[in-house]
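Here the protein sequences line up with chains A and B, keeping their order.
Sequence positions in the first sequence follow the UniProt record's numbering and run 1 to 238.
Sequence positions in the second sequence follow the UniProt record's numbering and run 1 to 238.
These are calculated hints, taken from the structure and not from any lab test.
Since this is a predicted model, take the numbers as computed values, not measurements.
Just to be clear, a hint being listed does not mean it is correct.
Straight-line C-alpha distance at most 25 Å; calculated DSS-like pairs for lysine-lysine [to be verified]: (1) B:LYS116 - B:LYS22; (2) B:LYS5 - B:LYS29; (3) A:LYS116 - B:LYS22; (4) A:LYS116 - A:LYS210; (5) B:LYS29 - B:LYS13; (6) B:LYS116 - A:LYS22.
Protein chains: 2
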Amino acid sequence: MSEQKTRPEDTAKAICALDLVKGLPSGVKAHVISLARVDVLPGGVSVLTQGAQAQRAYAVLVGAVRIRQIGSDGAQALMRMIAPGEMFGTVALFTEGYYPADAETAMPSHIASWSKADFLALTMNHPQIAINIIGMVGQRLANVQNRLREMATQSAEQRIAHALLMLVEQSGAVQAETGVICVPLRRRDVAELAGTTLHTASRVLTAWEKAGLLARSRQMLAVRDASRLRRIAQGELS
Amino acid sequence: MSEQKTRPEDTAKAICALDLVKGLPSGVKAHVISLARVDVLPGGVSVLTQGAQAQRAYAVLVGAVRIRQIGSDGAQALMRMIAPGEMFGTVALFTEGYYPADAETAMPSHIASWSKADFLALTMNHPQIAINIIGMVGQRLANVQNRLREMATQSAEQRIAHALLMLVEQSGAVQAETGVICVPLRRRDVAELAGTTLHTASRVLTAWEKAGLLARSRQMLAVRDASRLRRIAQGELS
Chain A
1 MSEQKTRPED TAKAICALDL VKGLPSGVKA HVISLARVDV LPGGVSVLTQ GAQAQRAYAV
61 LVGAVRIRQI GSDGAQALMR MIAPGEMFGT VALFTEGYYP ADAETAMPSH IASWSKADFL
121 ALTMNHPQIA INIIGMVGQR LANVQNRLRE MATQSAEQRI AHALLMLVEQ SGAVQAETGV
181 ICVPLRRRDV AELAGTTLHT ASRVLTAWEK AGLLARSRQM LAVRDASRLR RIAQGELS
Chain B
1 MSEQKTRPED TAKAICALDL VKGLPSGVKA HVISLARVDV LPGGVSVLTQ GAQAQRAYAV
61 LVGAVRIRQI GSDGAQALMR MIAPGEMFGT VALFTEGYYP ADAETAMPSH IASWSKADFL
121 ALTMNHPQIA INIIGMVGQR LANVQNRLRE MATQSAEQRI AHALLMLVEQ SGAVQAETGV
181 ICVPLRRRDV AELAGTTLHT ASRVLTAWEK AGLLARSRQM LAVRDASRLR RIAQGELS
């Protein structure tokens, strides 16, 4: 679907860096690598569909994936951006078997995936993998619970600040230093992540750009004053 | 702490009904039962504290437990009510090791628990237990993500209706039929679960009581018209 190629050594390195294989002997890591399928995808492509029977577990090696969920009332929301080194579509293999959300590439991406049968066999044969998955899902749960508490108790400004800081944190150490969020981030995405209206998100982002907290170019967003954004998130500034 | 006693056969039956031991041979179930400590507690007692090093994993056998979280901004919210047959404080044993929230009994309760060492050994020796935990945590994650989406897209009335229906569902088949939520439920609890103000929650609950949808007595709440509540939750009625 793209002329971009993956180099096997890059793929192996990226898979070895996943929390999934943390603490495992290198022989098991090599086995996990050998079972992976790697797809090189352009941006804006569907990877999996809400409501479909779960067939594979996925990890982002390069790029970013948007996780969107449609409720029974038809309302849709961006649940999460998946950054390199993070997994998605994993839990459905262990629960009722249907993907709870849509996943689409937010930019050109390399996606590793494993079949359900291989993934379940790995967890049965290597309890450490199952324990690593509990840690990953638990971390995700803590994250979503924090956002839920924020939604109940914080202003829209605070929630937007939290959403941007979370994205900076997710985008890794290099970007965390420069504060550049290397993901095409639409105003609508920010609004949905922070649980506010497009109108409010646009108003807040424009004000912050004017105040020099943020800069935008070609849909990339740079946080220029993270410490001030942190104080807004904490409710110390507005 | 209470003169109430637990009967060993009731304890065994309640532990065997946990998702934790689903699909395990009876010998392993007996081992899980033998490792459990059961505490009989009055209502309003702290079981574990946010920020403390995680030492044990817990399950409610009888009664109910409130899970409350304080954010770094000092705001507190009720994250969840734990019903009989559900676990809590489990994930922290697998992640950074600190409980992410407070847990206190909402009524007189029987609480089973396992030490960290025993619990980790069980998951290492019986991968099915680890897989069951992934399913449990995944279910919890799906639940919290649904609530997060609701918060972003739904009215306070819809969110309160969803919170009440979730509690009815949690409280088991018997209560689901009669619609009685057998948990001391303060207006403040409903407000926090639905992510709205005490003022709004009180106004909505009073209106629904007057309209015959709900009845309250001694802090118990009875849903008298679940189908109408479901239509409110779906946004078809207000």
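Hint by hint, here is what the structure shows:
no.	hint	result
1	B:LYS116 - B:LYS22	holds, 20 Å
2	B:LYS5 - B:LYS29	holds, 22 Å
3	A:LYS116 - B:LYS22	holds, 20 Å
4	A:LYS116 - A:LYS210	violated, 49 Å
5	B:LYS29 - B:LYS13	holds, 10 Å
6	B:LYS116 - A:LYS22	holds, 20 Å
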